[in-house]
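In our numbering, the protein residues as written are 1 to 356.
Just so you know, the hints here were simulated from the structure itself, not pulled from any lab data.
Treat the hints with care, as some may be off.
[As the list claims (entries may be wrong)] PhoX-like mimics (lysine-lysine), calculated; alpha carbons at most 20 Å apart, straight line: (1) K265 to K74; (2) K135 to K112; (3) K135 to K88; (4) K142 to K63; (5) K112 to K194; (6) K88 to K112; (7) K142 to K64; (8) K88 to K142; (9) K135 to K74; (10) K88 to K63; (11) K64 to K88.
[Claimed, not checked] Pair by pair, the computed Cβ-Cβ distance ranges are: (12) F145 to S254: 37 to 45 Å; (13) E184 to E111: 16 to 24 Å; (14) S351 to S254: 52 to 60 Å.
Just so it is clear, CB atoms sit at the ideal spot from N, CA and C, and this is done for glycine as well.
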Amino acid sequence: MKRLVAFITFFLLICNFSIFSQSTSIQLYVFDTSQLDISAFLFDNNLTNQQRILQVNITPTGKKVVVEGVISWKENLNSNFVEVATFKTNSFLSRTFFNDEIGNSEILYAEKNANSNVVDRIRILGKPTGQVEIKIRVFDEKNTFLDDTYETLTFENPSQTIEITSPFSGDELNPLNFQIAWSEVQGAEYYLVKASYKIDANQSNEAALNSGTPVINNFNAGTRLTIGTSEPNVLQRELLEGSRLVIQVTAHISGVGGGSNIYSKIIPVTIQSLTNGMGGNSENNVLSEIDGFINKMIDILPNPIINDLRNSIKENSTLNFQVEDEDGNSKTLLEAADFIRQLKRDGKIISVKYLK
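Go ahead and model the full structure; you've got the sequences and the hints to work with.
Right, here's the structure in full:
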């Protein structure tokens, strides 16, 4: 009987020891963030109707623990993570809880801080962009580390992107002049245009843009949404016929710490080789330009127009071919081609009529 009692006592001691020796773990679950408000990251008990975005599970339950959290933000690929907010709780019994319970239940703050400059910056943007990283750590009541977890959320804000609308990737451009146009970014103080030669076909667009001497060296277009390469001070050197070029436009938004930049995708293009170069026969240059116009318009204009233009080139009978805008300003054929292609891309071409 004594042996049985001793065995039972020993068994209970083992069970009791195993219960208290269970390792504490923490898990973090993030809900749908498509309508996320930055206040959800501030863990502020002064906020009303705070958005519920996080669930934290601490196991086993019923143990005294302390939780610390760090929320960081990375605005874009060209920036680093900066702290948005940090907090630390008083000790409480471990359980499952949500972010809007911190400071509004038995889970009380010991410390909390927010970077007001960063928070204001995100609020100016309207919604978070880039990436938000959430780190949660759990300690026992003696401040001994037990476990940690983290989640990284990636956001896209469609209102804060920039796109080059002309030229298109792969276009062949007239070395005499071509237009660079881009979409508007709300709050942009100015736009910078950069272009560089791509010497090696195997070179990445990013490497090409940042190597050598730029052809267009961050030309400041102010708040305009288009520039022409024939404008004063746009080109740093003459465009080389037959060369490859990469182009990027940057929107600068003023703000804390010097503001921030939003970058377009880098567009690769080719500079045309004119028949007899800059000093060659002007007639052949015009015919070459018309040929370039045809190549751009072959999937847009009706076949009768394309065929007539091709025949005109063969007969050298199109030297007086001109394009004017609604204000009577002359445009090159390639500028007209880029404009027509943009109309097609935007779905604004209803019909095309050919009046011979």
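Each hint, compared with the structure:
no. : hint                     : result
1   : K265 to K74              : holds, 19 Å
2   : K135 to K112             : holds, 14 Å
3   : K135 to K88              : holds, 12 Å
4   : K142 to K63              : holds, 12 Å
5   : K112 to K194             : violated, 43 Å
6   : K88 to K112              : holds, 6 Å
7   : K142 to K64              : holds, 9 Å
8   : K88 to K142              : holds, 14 Å
9   : K135 to K74              : holds, 14 Å
10  : K88 to K63               : holds, 17 Å
11  : K64 to K88               : holds, 14 Å
12  : F145 to S254: 37 to 45 Å : holds, 42 Å
13  : E184 to E111: 16 to 24 Å : violated, 43 Å
14  : S351 to S254: 52 to 60 Å : violated, 44 Å
Going through the hint list in order, the structure does not satisfy hints 5, 13 and 14.
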